[in-house]
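Chains as they are written, first to last, in our numbering: chain D, 15 to 344; chain W, 15 to 344; chain F, 15 to 344; chain Z, 15 to 344.
It is worth saying that the hints were derived from the structure and are not from the lab. Careful, some of the hints might be misleading.
No copy is singled out in the list; a pair is fine if it fits within one copy or between any two copies.
[Stated by the list, open to error] Calculated cross-link-like contacts (lysine to aspartate or glutamate; reagent style DMTMM-like; alpha-carbon spacing at most 20 Å): (1) Lys145 / Glu216; (2) Lys106 / Glu216; (3) Lys145 / Glu282; (4) Lys106 / Asp275; (5) Lys106 / Asp172; (6) Lys145 / Asp344; (7) Lys145 / Asp75; (8) Lys106 / Glu341; (9) Lys145 / Glu272; (10) Lys145 / Asp319; (11) Lys145 / Glu336; (12) Lys106 / Glu116; (13) Lys106 / Asp55; (14) Lys145 / Asp172; (15) Lys145 / Asp55; (16) Lys106 / Asp75; (17) Lys145 / Asp275; (18) Lys145 / Glu199; (19) Lys106 / Glu149; (20) Lys106 / Asp73; (21) Lys145 / Asp90; (22) Lys145 / Asp328.
Protein chains: 4
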Amino acid sequence: MLAIALFGAGRIGRIHAGNIAASPRARLAHVVDVDAGAASDLAARHGAAASDVATALADRDVGAVLIASSTDTHADLIEAAARAGKAVFCEKPIDLDIARVEACLSVVTDTGATLMVGFNRRFDPHMAALKAAIEAGRIGRVEMVIVTSRDPGPPPRDYLERSGGLFRDMTIHDFDMARWLLGAEPVRIQASASRLFDPGAEAAGDHDTAVATLETAAGQLAVITNSRRAAYGYDQRLEVLGAAGMLRVANPTATTLETTDPAGTLVERPLDFFLERYREAYRLELEHFVDCVLDRVPPRVTGEDGRRALLLADAAYLALDEGRAVEIPD
Amino acid sequence: MLAIALFGAGRIGRIHAGNIAASPRARLAHVVDVDAGAASDLAARHGAAASDVATALADRDVGAVLIASSTDTHADLIEAAARAGKAVFCEKPIDLDIARVEACLSVVTDTGATLMVGFNRRFDPHMAALKAAIEAGRIGRVEMVIVTSRDPGPPPRDYLERSGGLFRDMTIHDFDMARWLLGAEPVRIQASASRLFDPGAEAAGDHDTAVATLETAAGQLAVITNSRRAAYGYDQRLEVLGAAGMLRVANPTATTLETTDPAGTLVERPLDFFLERYREAYRLELEHFVDCVLDRVPPRVTGEDGRRALLLADAAYLALDEGRAVEIPD
Amino acid sequence: MLAIALFGAGRIGRIHAGNIAASPRARLAHVVDVDAGAASDLAARHGAAASDVATALADRDVGAVLIASSTDTHADLIEAAARAGKAVFCEKPIDLDIARVEACLSVVTDTGATLMVGFNRRFDPHMAALKAAIEAGRIGRVEMVIVTSRDPGPPPRDYLERSGGLFRDMTIHDFDMARWLLGAEPVRIQASASRLFDPGAEAAGDHDTAVATLETAAGQLAVITNSRRAAYGYDQRLEVLGAAGMLRVANPTATTLETTDPAGTLVERPLDFFLERYREAYRLELEHFVDCVLDRVPPRVTGEDGRRALLLADAAYLALDEGRAVEIPD
Amino acid sequence: MLAIALFGAGRIGRIHAGNIAASPRARLAHVVDVDAGAASDLAARHGAAASDVATALADRDVGAVLIASSTDTHADLIEAAARAGKAVFCEKPIDLDIARVEACLSVVTDTGATLMVGFNRRFDPHMAALKAAIEAGRIGRVEMVIVTSRDPGPPPRDYLERSGGLFRDMTIHDFDMARWLLGAEPVRIQASASRLFDPGAEAAGDHDTAVATLETAAGQLAVITNSRRAAYGYDQRLEVLGAAGMLRVANPTATTLETTDPAGTLVERPLDFFLERYREAYRLELEHFVDCVLDRVPPRVTGEDGRRALLLADAAYLALDEGRAVEIPD
């Protein structure tokens, strides 16, 4: 049984708390949050203690920490936990600054700590089935990857101002998908981005609509299309063209009900947003992390994956600003 | 080049006229109709002569006749044409009376005439693909056949009064489908029928909704469900369960356009009615008939197929009237 | 918090035990089974006591019993629990003999006990969405219901011998679906059944393939098609034709993955069997039962629903044996 | 009745010849080809004369010419036909050199000739339905367009060497789609292209896989993904995201047959290539051209559309060569 200390009692922290509590191999030991009331409420719901960082890290029963607090705390908490000998699960991103990320990863390496980064989509059953089909050779060599990723609606302006921008906040998941599905590192990126509908994005100097194109050294291409608004819900699709065929993952719906009437045949719209769409992904991600710690399995998503995705986001901004193709540093 | 005399210049006659005219191996020589104006118009459109029956049958250039006139003329015209040495294509049914059908088929046999009956659905590319998949062994032995057949709306009362009733007018096509897909003769039938919405059916002593269940000697089952109304268009689907899998044919749509919005994802409704749905089936059926005559190929739909379907319709009425399972005579 | 005693620690009992343990408003207090080891194991897994019937019913903390033991124990246990003042959830059927069912329901009525019968499909999100769409008037008056229900493979012969036959064991769920979706009681039934592939069914005097057709007094029709084998998995579909349109529920799949290659586009097959297909239905059914007991809500599936479904099964056998339409007794 | 002279008796010329012959308002008067045998054969099949260019243009009965000869003859033939007072339908491209295109269009303007360019996809019923849905306001303002366009397999190397390269030969159709669906002119383009599988493309200095991203002044984005190979057939899909929803057009299949077996549910693969996929588009395109000439309707695809698509292809090559975003000249 792995005792876990959770840092962050917000929306995503509550998801993880529920999954820890429901896991047959884990228990929630501490909840830490700057909002003491939020920490106590969540701790009480799952029989954990509301603690501060020092107490949680000093608890020798605690084998792992799960970091779901605000982005600017991630790197410090990773380092502190690693130094305290805990395994670490950290929500993306490690930090918005690549130098800070690299410094943090050095500490992780030096301490030998286990670090897993929360690219939850790799655990989504639909997307994992697509990856498994690639690995089973069902479409031969991957030639082109197309990632469609659209939120149901834009976040508030103040969120955008702290987010690092669309490419670092939203596309970062899609960069990880592209790397994962290409099976090779992108070496070059181009980007386009617009402000089409969100005054908040305009005010924050951010964008609401974007396209990024990646190339690997072998010439495989990946295209990511993003929008902060899809009137019909959360739109998360993958398409991979290979030498021998094509794989696609569509948006699951809540039910298979179809209505046929004079207007046509209507099926349900996609699920609303990530909490519904990736509910199972969050659960499986947590189970994998528990397995990593208890069974000493290497994490399927590493700190290096987090760093690579941020490198791509940074390069996307450089490409966008200079209107040119940018080489991805190593 | 096969010269064809067409009897009947109504809706279905015009379809056949167009297909004859467009066929590379046939030409329309005569059009005969009790409505002389209709005959002249249709003849003029395709460079044929408006004639009477005797003239058309006496024309030694005419190799075949196509009978699309009213049902009560079919058997007489088949006999006259067979005796005149012409090949015959006749729209279903041969007659509404089984004794008359059998007498007519005797004449056909005695004269050695080629007779093909217009069960057009066997030529529909979708349905033909399903039949081919059965014959290719894709689902093993056929165990159950389900035929869904619903018209967009009920016909006028006076049509119903001359139609022989739902089972002889509408289900007769589905009986042919069931026989064809079972690959064996049904030996037993049960039936249910209702008047749910059509005052015309009520007035004519007919039904608007029905189910028939067929069994073969080996125990294979077929279910036919009928309605004279489907708010969403013409509904013509097949499903076949076999030992190794299931085959299905859905309603084709005019285009693949999908709209996704907050209400869900909407695709087009089925095509309106048989003239759109079976346009290609009518064309291929005619081509097959031309091949039968010119290349001495046996017709894929025979007079015996017409007789068997009518036997099933008659048995369905007996089953309905007596509320019991009825054995199908041979 | 509702304390529940579970009778039966077999496959279905274990499902319910898990759902009781996971429910926020219920806990598993006792597990009773003729196999003492099975009872102890399951009790231990969820912190319950392995007990006998008398002990469980004498426990004043226990508010409800869940009966998932063998069919021949159902009626006795219902009566004992009702007399002990417990609310009762009983897996279908109450009994295979209609007189015993009616005697049992008298006891339930006399004691005023809450009784819910386990027609789990009503709680399946897909099927419940279809029912809700009917009730919202989306297709107007219901005219025809089509229930497709096929198991992945036949059960063992000894199961069949105790099962009461296909109509009482398998179709009984479909009879409940038909009644529920028609929104009116069937008054008449016809049936066909075959032995096409299962030697066990042959040996047990049972069938492996069947069709039943139901009619209501108003003339609405329902068709149920059953097979004990579907090579592609568990096939559970509904279709309802109404005055204004059609509703359908398809088989959900584990993922939305599609592979397109020279053979075509392949999507996943249906889920394997009822434990996967109806996992969520079992959970929601249990939650509803807990709500019924704690909040004094009337159960959505009653003892009368259980009795009506058995009446239909009995009538189906009479119809089958006598080859005729049979009126359903009240 | 419009008499048409056809220049070019190759694959695409034969398609047009058949559509002219089948049109109720047109007839094929002349066929001209450098291969005299091909011209005579095709002329004979449709009752036309095999002629030379001068004879065809001198024929006062001829109202229009259809140019389906090799690309390097297009501009000269357009000019000659325009000067001879004929209406002109020309297959894309007008020329591979933009200066030559512009000179040719000057002649067209000066002579007042009607010129229509063969961007046949605008007439495809599926794609036209999508465009109509945009114009009907079904998804509000267009924000992003995604054009998927993949050939079943690469053309021969010698074709590639004369083709002007992937962007001018293949993507040119997709550039036209993007302009049409955006409803505004792209002002900026970026491009990526690879040689992943086709030795012929390698040898010819061409590419086999490519992505192009377009932006309008308002910030709308369009993404085109191309491959010269799709193992599963001809892949031609559109997706348009708007403020209020999304429209998509999928690949039509020959039939709706579905096979469900232990491997899953299989539907047919896309149609093989453009002759099958766009058969109806070619027919409707020809009908529109005939209407343009006979009814003095302005063509829905103009010489300017041809020029704009070539400008985009040229800009795509500049963007590719210099690894930067390129502004589109006017």
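Tell me, which hint numbers fail for this structure? 1, 2, 4, 6, 7, 8, 11, 13, 14, 15, 16, 19, 20, 21, 22
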